[in-house]
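Peer 1: Sequence:
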Amino acid sequence: MGRLASAYGQAVNSHRAARAHLDNARSVLGAAPTAAAPVGANDLVARLARLGGTLATPAPGVTPLTDAPAAVRIGEASTADGGFPVLVPLGGGHHLALDTDARDPQVAGLLRALVLRLVATAPPGQVRVAGIDTAALGATFGPLRPLLDAGVLDPPATGAARVAAL
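Okay, so the sequence shown: first residue is 1 according to my numbering, each after it adds one.
Accuracy of the hints is not assured; some may be wrong.
Listed next, with one range per pair, are the computed distances between beta-carbon atoms [unchecked claim]:
id: 1; residue 1: L29; residue 2: A113; range: 30 to 38 Å
id: 2; residue 1: L137; residue 2: G9; range: 47 to 55 Å
id: 3; residue 1: A136; residue 2: H94; range: 21 to 29 Å
id: 4; residue 1: L29; residue 2: T54; range: 46 to 54 Å
id: 5; residue 1: P146; residue 2: L51; range: 26 to 34 Å
id: 6; residue 1: G151; residue 2: R26; range: 52 to 60 Å
id: 7; residue 1: T79; residue 2: L29; range: 28 to 36 Å
id: 8; residue 1: A49; residue 2: L116; range: 54 to 62 Å
id: 9; residue 1: I132; residue 2: A11; range: 46 to 54 Å
Keep in mind that the hints were calculated from the coordinates and are not lab data. Glycine included, every Cβ here is placed at the ideal spot set by N, Cα and C.
Use the sequences and the hints to build the structure in full.
Peer 2: If you want it as structure tokens, here you go:
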């Protein structure tokens, strides 16, 4: 029982020391002067927000099909001066590789949103989404199951032969 009490006492002392260190760091950071935004930062953020909004809002059925990638919004970046859309180029032969678990709700939502935006803004039959998942044998595309069932997407390639066929 003595060793348990000793270990508990050490844990309590370590916690108190860490708490004191955290409180000290917070007070030092609170006293530090805040860096001023560079001149023109507000204007840059406003321009990025306008440009991102324009690029990320294609009109269904009106978006011209080209070999150039479409800008697809995947989120928003924020600075002290405001926020602006984060865009990635997709389509036109470009691809997206995610090195994370698509069963994570945030990743699954990103995948669904990207595929739906690509499919929704192109004329029927003009966009092909090919999934490759050799690591999880197709489980990565579970969040897109409704699109597979509806015939919008083909089943993901899970083996070497299917990948080579793409």
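Peer 1: Does each hint fit the structure? Answer for all of them.
Peer 2: Hint check results:
no., hint, verdict
1, L29 <-> A113: 30 to 38 Å, "holds, 36 Å"
2, L137 <-> G9: 47 to 55 Å, "holds, 50 Å"
3, A136 <-> H94: 21 to 29 Å, "holds, 23 Å"
4, L29 <-> T54: 46 to 54 Å, "violated, 38 Å"
5, P146 <-> L51: 26 to 34 Å, "holds, 33 Å"
6, G151 <-> R26: 52 to 60 Å, "holds, 56 Å"
7, T79 <-> L29: 28 to 36 Å, "violated, 19 Å"
8, A49 <-> L116: 54 to 62 Å, "violated, 23 Å"
9, I132 <-> A11: 46 to 54 Å, "holds, 48 Å"
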